[in-house]
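> Make a model of the complete structure from these sequences and hints.
Protein chains: 2
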Amino acid sequence: MDPKLGRMASALLVLLLLLEGGMFSSSQPSGLLGEVFQYIDVHQDDFVQTLKEWVAIESNSVQPEPRFRQELFRMMGLAADKLRRLGASVDSVDVGHQQLPDGQTLPIPPIVLAELGNDPKKPTVCFYGHLDVQPARPEDGWLTNPYTLTEVDGKLYGRGATDNKGPVLAWIHAVSAFKALDQDLPVNIKFIIEGMEEAGSVALEELVHREKDRFFSSVEYIVISDNLWISQRKPALTYGTRGNSYFTVEVKCRDQDFHSGTFGGILHEPMADLVALLGSLVDSSGHILIPGIYDHVAPLTEEEKKLYEAIDLDLGEYRNSSQVEKFLFDTKEEVLMHLWRYPSLSIHGIEGAYDEPGMKTVIPGRVIGKFSIRLVPHMNMSVVEKQVVQHLQDVFSRRNSSNKMAVSMTLGLHPWIADINDNQYLAAKRAIRTVFGTDPDMIRDGSTIPIAKIFQEILQKSVMMLPLGAVDDGEHSQNEKINRWNYIEGSKLFAAFFLEMANLHQ
Amino acid sequence: MDPKLGRMASALLVLLLLLEGGMFSSSQPSGLLGEVFQYIDVHQDDFVQTLKEWVAIESNSVQPEPRFRQELFRMMGLAADKLRRLGASVDSVDVGHQQLPDGQTLPIPPIVLAELGNDPKKPTVCFYGHLDVQPARPEDGWLTNPYTLTEVDGKLYGRGATDNKGPVLAWIHAVSAFKALDQDLPVNIKFIIEGMEEAGSVALEELVHREKDRFFSSVEYIVISDNLWISQRKPALTYGTRGNSYFTVEVKCRDQDFHSGTFGGILHEPMADLVALLGSLVDSSGHILIPGIYDHVAPLTEEEKKLYEAIDLDLGEYRNSSQVEKFLFDTKEEVLMHLWRYPSLSIHGIEGAYDEPGMKTVIPGRVIGKFSIRLVPHMNMSVVEKQVVQHLQDVFSRRNSSNKMAVSMTLGLHPWIADINDNQYLAAKRAIRTVFGTDPDMIRDGSTIPIAKIFQEILQKSVMMLPLGAVDDGEHSQNEKINRWNYIEGSKLFAAFFLEMANLHQ
Numbered sequence: 044m045d046p047k048l049g050r051m052a053s054a055l056l057v058l059l060l061l062l063e064g065g066m067f068s069s070s071q072p073s074g075l076l077g078e079v080f081q082y083i084d085v086h087q088d089d090f091v092q093t094l095k096e097w098v099a100i101e102s103n104s105v106q107p108e109p110r111f112r113q114e115l116f117r118m119m120g121l122a123a124d125k126l127r128r129l130g131a132s133v134d135s136v137d138v139g140h141q142q143l144p145d146g147q148t149l150p151i152p153p154i155v156l157a158e159l160g161n162d163p164k165k166p167t168v169c170f171y172g173h174l175d176v177q178p179a180r181p182e183d184g185w186l187t188n189p190y191t192l193t194e195v196d197g198k199l200y201g202r203g204a205t206d207n208k209g210p211v212l213a214w215i216h217a218v219s220a221f222k223a224l225d226q227d228l229p230v231n232i233k234f235i236i237e238g239m240e241e242a243g244s245v246a247l248e249e250l251v252h253r254e255k256d257r258f259f260s261s262v263e264y265i266v267i268s269d270n271l272w273i274s275q276r277k278p279a280l281t282y283g284t285r286g287n288s289y290f291t292v293e294v295k296c297r298d299q300d301f302h303s304g305t306f307g308g309i310l311h312e313p314m315a316d317l318v319a320l321l322g323s324l325v326d327s328s329g330h331i332l333i334p335g336i337y338d339h340v341a342p343l344t345e346e347e348k349k350l351y352e353a354i355d356l357d358l359g360e361y362r363n364s365s366q367v368e369k370f371l372f373d374t375k376e377e378v379l380m381h382l383w384r385y386p387s388l389s390i391h392g393i394e395g396a397y398d399e400p401g402m403k404t405v406i407p408g409r410v411i412g413k414f415s416i417r418l419v420p421h422m423n424m425s426v427v428e429k430q431v432v433q434h435l436q437d438v439f440s441r442r443n444s445s446n447k448m449a450v451s452m453t454l455g456l457h458p459w460i461a462d463i464n465d466n467q468y469l470a471a472k473r474a475i476r477t478v479f480g481t482d483p484d485m486i487r488d489g490s491t492i493p494i495a496k497i498f499q500e501i502l503q504k505s506v507m508m509l510p511l512g513a514v515d516d517g518e519h520s521q522n523e524k525i526n527r528w529n530y531i532e533g534s535k536l537f538a539a540f541f542l543e544m545a546n547l548h549q
Numbered sequence: 044m045d046p047k048l049g050r051m052a053s054a055l056l057v058l059l060l061l062l063e064g065g066m067f068s069s070s071q072p073s074g075l076l077g078e079v080f081q082y083i084d085v086h087q088d089d090f091v092q093t094l095k096e097w098v099a100i101e102s103n104s105v106q107p108e109p110r111f112r113q114e115l116f117r118m119m120g121l122a123a124d125k126l127r128r129l130g131a132s133v134d135s136v137d138v139g140h141q142q143l144p145d146g147q148t149l150p151i152p153p154i155v156l157a158e159l160g161n162d163p164k165k166p167t168v169c170f171y172g173h174l175d176v177q178p179a180r181p182e183d184g185w186l187t188n189p190y191t192l193t194e195v196d197g198k199l200y201g202r203g204a205t206d207n208k209g210p211v212l213a214w215i216h217a218v219s220a221f222k223a224l225d226q227d228l229p230v231n232i233k234f235i236i237e238g239m240e241e242a243g244s245v246a247l248e249e250l251v252h253r254e255k256d257r258f259f260s261s262v263e264y265i266v267i268s269d270n271l272w273i274s275q276r277k278p279a280l281t282y283g284t285r286g287n288s289y290f291t292v293e294v295k296c297r298d299q300d301f302h303s304g305t306f307g308g309i310l311h312e313p314m315a316d317l318v319a320l321l322g323s324l325v326d327s328s329g330h331i332l333i334p335g336i337y338d339h340v341a342p343l344t345e346e347e348k349k350l351y352e353a354i355d356l357d358l359g360e361y362r363n364s365s366q367v368e369k370f371l372f373d374t375k376e377e378v379l380m381h382l383w384r385y386p387s388l389s390i391h392g393i394e395g396a397y398d399e400p401g402m403k404t405v406i407p408g409r410v411i412g413k414f415s416i417r418l419v420p421h422m423n424m425s426v427v428e429k430q431v432v433q434h435l436q437d438v439f440s441r442r443n444s445s446n447k448m449a450v451s452m453t454l455g456l457h458p459w460i461a462d463i464n465d466n467q468y469l470a471a472k473r474a475i476r477t478v479f480g481t482d483p484d485m486i487r488d489g490s491t492i493p494i495a496k497i498f499q500e501i502l503q504k505s506v507m508m509l510p511l512g513a514v515d516d517g518e519h520s521q522n523e524k525i526n527r528w529n530y531i532e533g534s535k536l537f538a539a540f541f542l543e544m545a546n547l548h549q
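Chains A and B supply the protein sequences, listed in that same order. Take the position in the first sequence, starting the count at 1, then add 43; the result is the number in the working numbering. Take the position in the second sequence, starting the count at 1, then add 43; the result is the number in the working numbering.
Any given hint could turn out to be false.
Same chains, same names: a pair is fine if it fits in one copy or spans any two.
[To be verified] Here are the simulated lysine-lysine pairs, DSS-like style, with alpha carbons at most 27 Å apart: (1) 295 - 375; (2) 504 - 164; (3) 277 - 164; (4) 375 - 165.
Simulated from the structure, these hints should not be mistaken for laboratory data.
Here it is as structure tokens:
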């Protein structure tokens, strides 16, 4: 489809929604905000072009390969330049090297700290974002090249489009609109942008500690825009996220593989052990089988229960947009609770076994299973670690296998919960009403954005998650996208939020 | 280590063994055979160089990629040239195309048919070999480049060195020695060499059918040298092989992957289903759990039992050379029986899950488990197929999963058993005594060489497997090798076998 047609179609859709009234009843505001909105609308093709340039960079932080690291450095350099051209003072902080389990050392991409304005009469809002991405290979099932942003029907497909390059750019566009119109920014703005989020935000926590009394001393509010709405069209505000503890379990007979004809029948095969270990973790109803794992999960109160009932979620539509035939649960409330307030366990894959198309008659000699548990308040990570290790040791010892088993928790990220009566939640609600003409869904996020918890714990500042992406954006998946509409209206939302924050501060 | 030193060391070892007497008490024979042996000894470096050139070709038939197919065509062309220069009449038979499951079509490398001599007074021996190899990637744990034949301590490391390029060349060298010495070949020789063995000998069976009354009409004996001894130093003769039925089981929720934060807790995760399915196949003692699978396994007779007792196998040494801490069984007899006359089930791996180093928080949307069952007399392949499908359907239906499961048998190869009182077994025993000064171990092979069964069934001719490689050669594994000693003495063995066959024929 001609991208111009796509934009026309999406403009038409916006128009229809405006005319329709009801839920999306906002009209173009007058005054400064109106000018800002107009500026953003007029420049939307430039904004898409910039996103295209950023998506083109394969800034994969998950696979520890030097070529990806080079791309990450290039990505962070580009972001620093962009912020400098906006008039920000920019500091690209060298945060040293990363030690990999195999002894290899790789440089960590710099963390960009930037600031615009330091008027003591204005509130200071710090925006956090990341520019690294999950791996994506065209052969995994992408319909377009993951590193060539491609617009189809108003959807901008590309790795990192919604997670998190698009939202970072939307915030920058909001600032640039005020600048282009020669207007003072309503708030002091700071940026902290990293390149290792998908790999567990290596080195970020240490930097936040170090900058607590310097860069962050004047910061009052922190905004993160790294998750999704739970609807395709209705905005949301997020007040909690699950944590994550990622485990590897290695079973080893020897380093080399075996021929299944020459050795099949006389070995304790590592894959048989591993499959039994992984099969002992969760039952077919999604219930985690590790003893004690639910002990510290916060009990469900009647008050909390009502929160889920108020959420506007059409389960059928959600299922359709997810292309899932059937969920484990049949009611909206159960589905939301199992995504947000109960732990879950997912098996991600196996390293070291035969994983390619075709047939190979191999007995893998050493295999590594990978799974993770999404943590919720008030699970304790080190308790969870002990429970997992103990459980796997129990299962393994019952097998009487002569292989060696080693369990390790390779990543541990705490869950996070915010106070939704804070000023910036109020300002964001108002901004959402202005741009989208509706109140947001008040939601949690089942995935882990560790930085929320880090900011809250270390800085003791208010943290808010203000997502821009639609529920079907497919972050971490094949054919990730951000809608042009979300990207552009999201830029407006941030601009409106700046003004509302200034208003509340007066 | 300097390769020259390696050769000196290995020559010294041979000398020591010769001096030592006892088990390896042969001396250089006189007459024609002595000249042939001397010729082979003198030209051994040339023979290693030719093997190096053949190993350098990445003739991978397992992964259906056009670039590998090109290499296979190049490999078969090189072999045809080599045979032509030996004076053989050579026919490179085009056997058409291969249809892959994804609809793709790839050309099959030609099958080389060659013949040398057609004296009706001599017996006609046909040698079968293959020049395709299993996949090998340097990063899988190879200490040397798998496609650069590298000699260390008399071991020639490289993919295909022992399986099966080295043995094919040893037969060619045996023939070339008679030719170089201007001597008549004691037997008429035919060759059938293919390039698709590792992919299930696609198109070979059809060709054998077609050539039954032409190329094969004069053939009385078929020799295959595509397996290993069960000792590092003592030769063997093989009279049986296991079959193999290879299965894939696909579990699919949707084609795309999911983010484990956004969807973890509400899905029937395909990996949880697959791990349960694979975990239901075999218990920790190696016993296959598929109902009925042992029903048709031949009962063990007292007579057969004695065969295993006679085998010269030091279980401790075998375990050490295999780098395995403990086998499933503690006696030589039990180990041999579970490798040769009982079925085994190995889980090879999973396609579609996360298989790379590092962490990825993905819920794979569609995964394919791969496993195979080594078949023994008198298991029936189509019965096994039905049992496997029924079992997996039963396990899956008990899970009440909303995912789709599909089981398919992608390869089925029958087991094979030979008559060990045949002429060529007798000739081979004598030749082994001449070259190695010992009687061979009379063994079966746990792996599958389907061509043995094909020749036996279609041509009704005597089939013998005469292995050259040592037990620790690591076929299909990382760091595959053939010992220089086995390669060179193996060339002599074939030459001696030609003469013994001629003697028996008189």
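> Compare the structure with each hint and give your call.
The hints, checked one at a time:
1. 295 - 375: between (43 Å within a copy, 24 Å between copies)
2. 504 - 164: Within one copy, since 18 Å is at most 27 Å while 99 Å is not.
3. 277 - 164: neither (34 Å within a copy, 90 Å between copies)
4. 375 - 165: This pair counts as neither: shortest intra-copy Cα distance 41 Å, inter-copy 83 Å.
The structure shown violates the earlier hints numbered 3 and 4.
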